[in-house]
Amino acid sequence: MFSLRQQRAPQLFSSNPAGAVRTLLLIVVCIALMFYDHQRGHLEKVHAALSTLVYPVQALVNAPYALVNWAEDKLATHNSLLAENTRLRQQALVDAVQLQQLAALQQENTRLRELMQAGSRLTGHVVAADLLAVDLDPFRHMAVIDKGTHDGAFAGQTLLDAHGIVGQILRAGPVSSEAALITDPGQAIQVEINRTGLRTLAVGSADVDVLSLPYLPNNADVRQGDLLVSSGLDGRYPPGYPVGVITAVTRDPAEPFANVSARPAADLDHGHDVLLYFPVETPPPLPKPAPSAAKKKPVKKHIKKQPR
Amino acid sequence: MRTSLPRRANWVIAATYIVALLFTIWPLPNWAEPFRPAWVVLVTIYWCLFLPHRVGLLVSFVVGVLVDTLSGGLLGEHALALILVAWVTLKLHLQVRVYPWWQQALVVLSLMALYTFVLFWVDGMLGYTQGAMTRWMPLLVTTVLWPWVVQLLNLLQQRYQVS
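So the protein sequences, as listed, match chains A and B. Okay, so the first sequence: first residue is 7 according to the working numbering, each after it adds one. Okay, so the second sequence: first residue is 639 according to the working numbering, each after it adds one.
No lab work stands behind these hints, which were simulated from the structure alone. In this text, a Cβ means the ideal position worked out from N, Cα and C, and glycines have one as well. Be aware that a few hints might be false.
As the list claims (entries may be wrong) - Footprint (simulated), chain B over chain A, 3 or more residues, beta carbon under 8 Å: (1) 53-59; (2) 62-70; (3) 78-88; (4) 112-119; (5) 132-141; (6) 144-157.
Please work from the sequences and hints to get the whole structure.
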């Protein structure tokens, strides 16, 4: 019995490196991993642990960029700082003037909404985060940010930048999170055309500069230059933030839908500073992301198949 | 028998993999991104060819899962592709080891085709079907890099007596 075990043990983990049993076993493990990972939520803990494990590698790759930034800060001359200060002060003044108007408009909006007995729009607050200078899968439009669950980030959280919506967090790890940009082919966002209030879906494309709006009928009132803002109907993104600008509308009478594409408003390609959006009412968003993530997927797939 | 071999210099193997992982996520300009060679595949093929008793399927699996985490894809996707590459390499390592460099490069080309195909297949099932042409660019770049990587890793292996 003992000798049998001794003979057997080395067979599975011996120097015969390409054992069929081991290969098959590992292949099955890989397929099982992919299967359970695709059904989001099953492997969140594994992802969190692995993201912590690989964070040093990401930090190391990000280090030269961070170093250059740091050096620029340290070596900035007095004059250039003064110039920047003046520019920023002017910018702040311009922004403040616009904010005065916004306050009045907001007041008016609230009053009108009260008249219509509609609930007031809730606004959240934002926290700044940095995108790490690392490249992910070239066929997915994703980014790594330096904030994780320790900083309050959660899966499904909206990322903004100074110009509009950037994307949402897919997986939140302890120290870093992975975010999908709105141009990722697997992402979709509920938008409305600011000029007309027409609602539709903007889905990602292969190109980082292009959003496509595949579900606008040929007779839809949409023009080049129209601003798209988030409608908030997806229950994921906050309403009223810029998403993109329509760049091209081609109508082919033979097709049921117009061919409409837009350019993202946010600086997806070059930006490194993003903002994490925290909704005001904190209790609901925590349980919210999981069911809506589960619900969102099949809906998207279903719609996607229709035009084909 | 295996225990009598010197087990030191594990760190050399680990270091080559870490460098490969660094290069995998190193930010490149947009035009160069489709040409990024599959460094992890090169390193895996090398170690599986020359030290099959040290680096095999388990290491490939672990490294593949790390690549999955770093690239933000599905867990197990790169791992599956890398395991298949490692398995074929281990099966053929006695022959391929003695091939001249250009025949080895041809083997690397076909292994890269297998790797890319598995990735494309899984991505295709998930709906990421774009880049049908650009996906095959790393094949050529990786194959061209193979002779140099062999030289470099041979030097490392001899210098630190990894065996």
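Quick rundown of the hints versus the structure:
1. 53-59: With 4 residues in contact (Cβ-Cβ under 8 Å with chain B), the coverage given for the region 53-59 of chain A holds.
2. 62-70: holds (count 4)
3. 78-88: violated (count 0)
4. 112-119: violated (count 0)
5. 132-141: holds (count 3)
6. 144-157: holds (count 5)
Of the numbered hints stated above, those contradicted by the structure are hints 3, 4, listed in ascending order.
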